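Letter by letter, the chains look like this.
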Amino acid sequence: MVLVLALGDLHIPHRAPDLPPKFKSMLVPGKIQHIICTGNLCIKEVHDYLKSLCPDMHVTRGEYDEDSRYLETKTLTIGQFKLGVCHGHQVIPWGDLDSLAMLQRQLDVDILVTGHTHQFKAYKHEGGVVINPGSATGAYSSITYDVNPSFVLMDIDGLRVVVYVYELIDGEVKVDKIDFKKTATTNSAH
Amino acid sequence: MSPAPIESTLPGSLSSESSSLSGKKRQFANLRGVRWRINLGILPSSSSIDDIRRVTADSRRRYAGLRRRLLVEPHVPKDGSNCPDLVMDNPLSQNPDSMWGRFFRNAELEKMVDQDLSRLYPEHGRYFQTPGCQGMLRRILLLWCLRHPEYGYRQGMHELLAPLLFVLHVDVEHLSQVRKLYEDHFTDKFDDLSFHESDLTYNFDLKKFPDSLEDEIGCHGNAMKVGSLGEVDPEIQTIVLLSDAYGAEGELGIVLSEKFMEHDAYCMFDALMSGARGAVAMADFFSPSPIGGSHTGLPPVIEASSALYHLLSIVDSSLHSHLVELGVEPQYFALRWLRVLFGREFSLEDLLIIWDEIFASDNSKLNKGVEDDTDSSFAIFNSPRGAFISAMAVSMILNLRSSLLATENATTCLQRLLNFQESINLKKLIEKAKSLRTIALEANSSNPYPSFRGAHERSKLSAVRSHSLSFDCSSPTTPLSLVPESYWEEKWRVLHKEEELKRGSSQKQVPTRKKGWSEKVRLHLSRTGSDPSHMKVEKGKKDPKSSVRRSLLEDLCRQLGSEEDIGEIVRNEVLDQKDPIHVEVEVEEQDANLNSFTCPADDSHLIGNTGSEENSSIFSASTSPLTNDHENDSEKSSIVSNSSLDENDDEPNNAEAFRIIPEDPLPVSDPPEDISPKPETNNDSTGKQEAGLKERKLLSGKFQWFWKFGRNAAGEETSEKEGASEAAKSANRESNQGDTSGASTSDEFSNSSVNSKGDAADQIMMSTLKNLGQSMLENIQVIESVFQQDRGQGGSLENFSKNVIVGKGQVTAMAALKELRKISNLLSEM
Chain X
1 MVLVLALGDL HIPHRAPDLP PKFKSMLVPG KIQHIICTGN LCIKEVHDYL
51 KSLCPDMHVT RGEYDEDSRY LETKTLTIGQ FKLGVCHGHQ VIPWGDLDSL
101 AMLQRQLDVD ILVTGHTHQF KAYKHEGGVV INPGSATGAY SSITYDVNPS
151 FVLMDIDGLR VVVYVYELID GEVKVDKIDF KKTATTNSAH
Chain R
1 MSPAPIESTL PGSLSSESSS LSGKKRQFAN LRGVRWRINL GILPSSSSID
51 DIRRVTADSR RRYAGLRRRL LVEPHVPKDG SNCPDLVMDN PLSQNPDSMW
101 GRFFRNAELE KMVDQDLSRL YPEHGRYFQT PGCQGMLRRI LLLWCLRHPE
151 YGYRQGMHEL LAPLLFVLHV DVEHLSQVRK LYEDHFTDKF DDLSFHESDL
201 TYNFDLKKFP DSLEDEIGCH GNAMKVGSLG EVDPEIQTIV LLSDAYGAEG
251 ELGIVLSEKF MEHDAYCMFD ALMSGARGAV AMADFFSPSP IGGSHTGLPP
301 VIEASSALYH LLSIVDSSLH SHLVELGVEP QYFALRWLRV LFGREFSLED
351 LLIIWDEIFA SDNSKLNKGV EDDTDSSFAI FNSPRGAFIS AMAVSMILNL
401 RSSLLATENA TTCLQRLLNF QESINLKKLI EKAKSLRTIA LEANSSNPYP
451 SFRGAHERSK LSAVRSHSLS FDCSSPTTPL SLVPESYWEE KWRVLHKEEE
501 LKRGSSQKQV PTRKKGWSEK VRLHLSRTGS DPSHMKVEKG KKDPKSSVRR
551 SLLEDLCRQL GSEEDIGEIV RNEVLDQKDP IHVEVEVEEQ DANLNSFTCP
601 ADDSHLIGNT GSEENSSIFS ASTSPLTNDH ENDSEKSSIV SNSSLDENDD
651 EPNNAEAFRI IPEDPLPVSD PPEDISPKPE TNNDSTGKQE AGLKERKLLS
701 GKFQWFWKFG RNAAGEETSE KEGASEAAKS ANRESNQGDT SGASTSDEFS
751 NSSVNSKGDA ADQIMMSTLK NLGQSMLENI QVIESVFQQD RGQGGSLENF
801 SKNVIVGKGQ VTAMAALKEL RKISNLLSEM
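As you go down the protein sequences, you meet chains X and R in turn.
For the first sequence, full-length UniProt numbering assigns the number 1 to the initial residue and increments by one for each residue that follows.
For the second sequence, full-length UniProt numbering assigns the number 1 to the initial residue and increments by one for each residue that follows.
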């Protein structure tokens with residue numbers, strides 16, 4: 001029952017002042033065990049705020065991030081799952097599933113979390129999952145119209161991951177749930 | 001041989017049942033788990049095996065249902081609702097009703113429980129620390145707490161549960177051992193039989209079976225000869241019947257079952273905690289607030305602890321009074337004893353024996369007759385089980401009798417009580433407890449209140465404190481309340497109230513010890529000295545002092561030309577505080593009042609101790625309340641004030657008596673403002689005026705209290721010491737006020753005295769001053785001698801803060817003494 005928060009593309013303060021208050025009220029410290037941030041926070045204050053929600057935070061570098069020490073990609077293991085994080089602007093075409101799948105194979109992860117498109121997506125692909133948590137602030141994007149603030153909460157429990165998607169549509173928080181099960185045997189093709 | 005042995009298990013069961021029913025009580029002698037379950041009321045005690053099985057099965061079903069309901073598994077869709085409202089049921093939902101909300105709350109509870117479980121019985125870690133066992137314990141405790149949210153989880157519950165689970169485990173192991181020996185009775189041959197094709201035509205060739213049977217027997221070297229079940233030990237019979245998979249309720253009804261250990265343990269735990277509608281419910285011992293039917297309004301565990309002491313007082317009053325005098329409250333150790341039913345005092349094996357006895361005692365409430373005397377009953381005595389528990393505790397205390405009586409120190413006593421040694425004769429202890437039980441049951445009808453009244457004063461604070469004392473590891477789960485700083489003051493007050501009550505009965509005069517107590521008291525009082533008010537230590541302190549004082553006062557009276565008749569004042573018990581003229585009043589009042597005062601507390605100590613040091617004691621006492629108020633020691637002063645409130649308010653007058661107040665340079669004469677009883681010369685009063693007016697009352701209280709001491713004391717050797725210590729305290733205050741002030745005041749004083757009206761007055765003043773100076777000197781000498789002794793005694797004091805106070809007091813007192821010297825010099829010059 002590990003709760004992992006995945007969010008990104010906040011673009012604070014350039015494109016958005018802050019997280020939506022409804023989101024902020026939901027994000028209380030103590031419930032979440034890990035935070036995965038795809039990038040473009042952009043400033044340290046946002047980093048600190050997220051750190052206060054959960055000390056275990058993993059961030060990758062987005063093109064507007066002011067902290068240049070973030071890595072381009074990151075992998076971590078939670079429970080039975082291997083997760084990979086990348087901002088996504090490096091993967092061209094932006095948002096293309098096959099290219100992202102290539103990255104997933106490169107990183108050899110079960111769950112790949114990327115951003116940049118500011119649009120929520122969750123694919124099941126080749127035994128793995130590709131998740132795009134969208135933009136948590138609903139910041140402007142040149143490639144997506146009508147960005148809704150959204151983020152993703154993953155509940156990793158054994159071989160099963162439940163993905164809760166929180167979207168702010170018309171001022172209301174809508175929640176959706178997607179179930180993924182990992183095939184039991186980890187087949188490393190090497 | 002023949003199918004007979006096989007089939008006889010079934011009809012045989014019916015016939016053997018009756019035989020096994022004989023000697024019911026001893027029926028499950030080897031099966032503690034079953035016995036306890038019967039005793040706790042879970043299983044019916046007087047019925048057939050089948051009924052037992054049915055009840056077992058029912059209770060297990062209930063538990064399983066509870067478990068399903070309460071242990072939240074957020075992934076599992078509940079009750080067929082395939083589309084849960086995600087807005088509500090997502091992990092981040094703030095909705096308290098959401099599944100996830102409950103999940104997180106349970107997680108909190110689990111964390112608390114885990115903290116305790118990880119430390120459970122490390123010496124039996126092979127069983128208790130295994131993840132399976134821990135998981136079971138955790139679930140049981142969690143479920144019970146969720147089911148009883150009013151109690152929550154309290155440390156100690158896990159220790160009640162652990163032996164229950166252990167006992168079940170032992171039973172199951174026993175069962176498996178018996179199984180090995182009597183394999184054949186347990187297994188149904190047909191279950192394991194593999195059918196050959198040729199047998200499918202229902203032509204069982206029974207002749208084949210004996211052969212295979214013999215083969216099997218040949219295989220098990222240990223197997224007993226297969227005889228009829230009826231031939232076997234009745235005990236084994238019951239075990240077989242209890243674990244027969246085909247008996248009533250099938251597998252669920254197997255009474256000794258590993259699979260359902262958790263269920264059974266939960267039922268036992270629940271029954272134990274709730275008391276099964278009996279008198280003693282363990283859960284009450286964990287509740288911090290008084291339960292509904294409580295007559296005393298105290299938390300049940302405190303009440304039970306006092307019940308314990310009550311029983312002890314009946315059985316062994318000298319030990320009881322000794323413990324009470326030392327201030328060893330029962331709940332310090334009894335809390336731990338009661339809450340885990342002696343789980344921490346004995347090893348697990350011994351504990352099981354004790355619990356055997358406890359559970360064997362019936363728990364049903366005894367009818368107390370028509371007149372339910374609400375005032376005089378301890379709930380714990382209401383049932384034989386409760387009586388046995390208290391009797392057991394008392395017998396444990398008695399076991400330590402000699403070592404407890406030998407020590408004069410509360411801490412050591414507590415140490416002995418809390419570190420009950422393991423190598424004791426348990427049988428003897430239990431026998432004694434049984435004998436005491438009858439006394440306990442009768443004790444219920446007697447009036448427990450005289451010694452109990454003191455307990456009234458004890459608030460939850462003592463529960464908290466004792467709880468924290470008795471549990472070694474920090475308790476994360478019992479934030480009952482904060483311990484106020486004045487806890488020890490309250491304790492002291494209670495103790496001394498009890499002392500007063502006991503005084504009539506026991507005249508245990510241990511002068512040195514008592515002196516020690518009162519000294520501690522005094523020094524403690526002085527410790528709070530931030531108040532600049534001074535006592536007049538210098539006021540004549542020796543035996544002749546009273547006469548000196550009297551003369552002084554008379555001088556003043558004359559001098560001041562007081563209109564008030566001295567005699568009048570004497571009779572007039574209630575004086576107007578605002579009356580500026582108090583000089584004369586004092587003396588007479590002193591004498592009169594002293595006799596009339598009823599010293600509330602600590603009398604036994606102080607009376608015996610204060611001999612001629614009355615005045616000083618009084619004065620120091622009067623200042624102490626002042627200082628007390630400044631601190632949080634309001635309780636202490638309230639002790640005195642309580643005692644004195646019903647007494648006259650003359651006290652302030654007394655205080656002023658020693659004020660040489662020719663006229664008013666010293667606003668001293670203004671009673672409402674003057675708080676301290678000024679020793680006539682000391683013009684500290686000027687400084688003191690600022691001291692709180694409210695302390696007056698306290699001052700008067702203290703004053704009267706100490707007056708009494710002075711009066712009643714027949715000049716015991718410790719009296720001087722008392723006075724000295726008090727003088728020290730007052731000296732403290734003086735020093736507090738600053739060195740210079742003392743000097744200046746004396747200067748002032750001399751000035752004022754010089755300015756006093758008329759030569760005659762002057763002369764009188766001078767003489768009085770001189771007298772005072774002399775008395776001061778004498779007093780100083782006394783103090784110094786005291787301090788020599790004090791040092792010696794301070795080392796032996798182990799009591800809590802008092803020791804520190806003593807040290808501090810001494811240091812400051814020494815400084816104060818120097819002040820005194822200066823002042824006395826000045827005075828004598830005049």
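These are calculated hints, taken from the structure and not from any lab test.
The structure displayed is predicted, hence computed values, not measured ones.
Heads up, some of the hints might be wrong.
[Unchecked claim] DSSO-like mimics (lysine-lysine), calculated; alpha carbons at most 30 angstroms apart, straight line:
#1 R:Lys111 <-> X:Lys181
#2 X:Lys177 <-> R:Lys111
#3 X:Lys121 <-> X:Lys182
#4 R:Lys822 <-> X:Lys82
#5 R:Lys770 <-> R:Lys822
#6 R:Lys259 <-> R:Lys428
#7 X:Lys24 <-> R:Lys822
#8 X:Lys44 <-> X:Lys124
#9 X:Lys31 <-> R:Lys111
#10 X:Lys24 <-> X:Lys51
#11 X:Lys44 <-> X:Lys74
#12 X:Lys31 <-> X:Lys51
#13 R:Lys111 <-> X:Lys51
#14 X:Lys82 <-> X:Lys177
#15 X:Lys44 <-> X:Lys82
#16 X:Lys44 <-> X:Lys181
So, going through the hints one by one against the coordinates:
1. R:Lys111 <-> X:Lys181: holds (29 angstroms)
2. X:Lys177 <-> R:Lys111: Distance ~28 angstroms between Lys177 (chain X) and Lys111 (chain R) Cα, so the pair holds.
3. X:Lys121 <-> X:Lys182: holds (19 angstroms)
4. R:Lys822 <-> X:Lys82: violated (85 angstroms)
5. R:Lys770 <-> R:Lys822: holds (14 angstroms)
6. R:Lys259 <-> R:Lys428: With Cα atoms ~38 angstroms apart, Lys259 (chain R) and Lys428 (chain R) exceed 30 angstroms; violated.
7. X:Lys24 <-> R:Lys822: violated (72 angstroms)
8. X:Lys44 <-> X:Lys124: violated (33 angstroms)
9. X:Lys31 <-> R:Lys111: Holds, at roughly 14 angstroms.
10. X:Lys24 <-> X:Lys51: Holds, at roughly 14 angstroms.
11. X:Lys44 <-> X:Lys74: holds (19 angstroms)
12. X:Lys31 <-> X:Lys51: holds (13 angstroms)
13. R:Lys111 <-> X:Lys51: holds (23 angstroms)
14. X:Lys82 <-> X:Lys177: The hint holds at about 20 angstroms.
15. X:Lys44 <-> X:Lys82: Measuring from Cα to Cα gives roughly 27 angstroms; hence the hint holds.
16. X:Lys44 <-> X:Lys181: At roughly 36 angstroms apart (the allowed maximum being 30 angstroms), Lys181 (chain X) and Lys44 (chain X) break the hint.
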